[in-house]
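Engineer: Sequence:
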Amino acid sequence: MRHGCFEELIDYLNSGDLLVLNDTKVLPVRLTATDESGRVRDIVIVREVEGNGYKILSRGRYSGRIQISDGFHADISCGVRAVFYDNGMVLSGSALGNKLWQSGQMPLPPYIERSSGETDMERYQTVYARAGGSIAAPTAGLHFTEAILQAIRDKGVAIKAITLHVGIGTFRPITSEDLLAHNMDEEHFEIDTHLEEQIRQVKGRGNRVIVVGTTTTRAVEAYMAGWYRMTGGGNGIIKATTDIFITPGFDFKAADALLTNLHMPRSTTLVLACAFAGRQYILDAYREAVARGYRFLSYGDAMLII
Numbered sequence: 069m070r071h072g073c074f075e076e077l078i079d080y081l082n083s084g085d086l087l088v089l090n091d092t093k094v095l096p097v098r099l100t101a102t103d104e105s106g107r108v109r110d111i112v113i114v115r116e117v118e119g120n121g122y123k124i125l126s127r128g129r130y131s132g133r134i135q136i137s138d139g140f141h142a143d144i145s146c147g148v149r150a151v152f153y154d155n156g157m158v159l160s161g162s163a164l165g166n167k168l169w170q171s172g173q174m175p176l177p178p179y180i181e182r183s184s185g186e187t188d189m190e191r192y193q194t195v196y197a198r199a200g201g202s203i204a205a206p207t208a209g210l211h212f213t214e215a216i217l218q219a220i221r222d223k224g225v226a227i228k229a230i231t232l233h234v235g236i237g238t239f240r241p242i243t244s245e246d247l248l249a250h251n252m253d254e255e256h257f258e259i260d261t262h263l264e265e266q267i268r269q270v271k272g273r274g275n276r277v278i279v280v281g282t283t284t285t286r287a288v289e290a291y292m293a294g295w296y297r298m299t300g301g302g303n304g305i306i307k308a309t310t311d312i313f314i315t316p317g318f319d320f321k322a323a324d325a326l327l328t329n330l331h332m333p334r335s336t337t338l339v340l341a342c343a344f345a346g347r348q349y350i351l352d353a354y355r356e357a358v359a360r361g362y363r364f365l366s367y368g369d370a371m372l373i374i
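Under the working numbering, the letters of the sequence shown match residues 69 to 374, in that order.
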């Protein structure tokens with residue numbers, strides 16, 4: 069076990085290795101609104117649902133209209149579903165996304181005990197974020213700067229991006245004592261169909277695949293294992309959803325090394341780390357991290373498991 073600064077990551081990479089990262093972009097899906105009684109309500113948009121509207125997170129089971137900004141409102145059903153309108157026209161897709169950038173806030177995790185601000189619009193994104201759709205950042209990627217990425221390329225390491233839109237499934241806590249009784253929520257991902265062959269070539273010449281984050285790991289391993297449901301695609305890209313839950317005993321077909329932050333107890337991300345490195349190794353590493361005062365979770369420190 070070694071300790072160092074993130075900039076030293078490059079020392080653990082070799083020419084010919086492959087670094088895979090998640091280029092999803094966090095949308096400002098937290099909205100503050102006023103209901104018909106004048107009460108202030110906060111909601112978080114989780115995902116679009118089949119048919120009409122969006123699944124949301126909110127306190128209580130309110131049904132009725134909420135006013136978000138001038139002309140921008142939503143009709144809420146039982147505190148779990150919302151249909152959004154702009155001057156009477158139903159909003160969805162990119163039109164809703166554009167409205168969120170005007171009126172929404174970054175959905176900082178509840179353990180960050182402050183409101184999101186303007187700095188979070190930039191800071192709570194990876195420098196390579198491209199495809200909007202997440203309700204939380206792929207936090208292992210937050211450590212990278214353009215300079216670090218360029219240094220990695222200059223060393224001869226290939227960098228490949230996939231997309232997995234982080235949803236509630238990533239951070240919903242495990243409440244059952246039996247891991248296998250936990251049901252993962254589906255999350256959407258997009259992957260270049262050439263990635264599988266690229267991984268085989270990298271491994272075939274004795275190099276390693278370094279995966280950045282548990283969300284990237286879930287997407288790539290789901291693809292390699294065929295654990296997904298197709299939703300579309302074309303031009304060499306598959307679009308799919310997966311509810312894969314990676315637990316100890318899982319046969320990793322892609323990841324040779326994992327870069328990940330330090331996770332919550334009873335989280336699926338912690339279980340994935342244990343599946344990759346071994347439970348006792350992770351427990352020992354976490355004890356060391358606590359003893360040294362490392363920061364856990366989204367804006368915290370990272371570990372490279374090799």
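These aren't lab readings, by the way, just hints derived from the structure by calculation.
Model, not experiment: these values are computed from the prediction.
Please note: incorrect hints may appear among the correct ones.
[Stated by the list, open to error] In the DSSO-like style, the derived pairs of lysine-lysine whose C-alpha atoms are separated by at most 27 Å in a straight line are:
#, residue 1, residue 2
1, 223, 271
2, 321, 307
3, 307, 93
4, 307, 223
5, 307, 123
6, 167, 223
[Stated by the list, open to error] Using C-beta positions, here's what the derived DEER-type ranges look like:
#, residue 1, residue 2, range
7, 360, 135, 21 to 27 Å
8, 135, 82, 54 to 60 Å
9, 224, 249, 40 to 46 Å
10, 146, 374, 43 to 49 Å
11, 190, 128, 50 to 56 Å
12, 247, 355, 47 to 53 Å
13, 75, 104, 48 to 54 Å
Every residue, glycine too, gets a C-beta built ideally from N, C-alpha and C.
Engineer: Hints first: check each against the structure and report whether it holds.
Structural biologist: Taking the hints in turn, this is what the structure says about them:
1. 223 <-> 271: Holds - the C-alpha atoms of residue 271 and residue 223 are around 18 Å apart, at most 27 Å.
2. 321 <-> 307: Cα-Cα ~20 Å, so holds.
3. 307 <-> 93: It holds: about 16 Å lies between the C-alpha atoms, which stays within 27 Å.
4. 307 <-> 223: 31 Å, violated
5. 307 <-> 123: 20 Å, holds
6. 167 <-> 223: Roughly 41 Å separates the two Cα atoms, so the pair is violated.
7. 360 <-> 135: 21 to 27 Å: Hint violated: Cβ distance 48 Å, outside 21 to 27 Å.
8. 135 <-> 82: 54 to 60 Å: For residue 135 and residue 82 the Cβ distance comes to about 56 Å; the hint holds.
9. 224 <-> 249: 40 to 46 Å: Because 45 Å falls inside the window, the suggested range holds.
10. 146 <-> 374: 43 to 49 Å: About 47 Å separates the Cβ atoms of residue 146 and residue 374, which means 43 to 49 Å holds.
11. 190 <-> 128: 50 to 56 Å: This hint is violated: roughly 32 Å between Cβ atoms.
12. 247 <-> 355: 47 to 53 Å: 22 Å, violated
13. 75 <-> 104: 48 to 54 Å: 53 Å, holds
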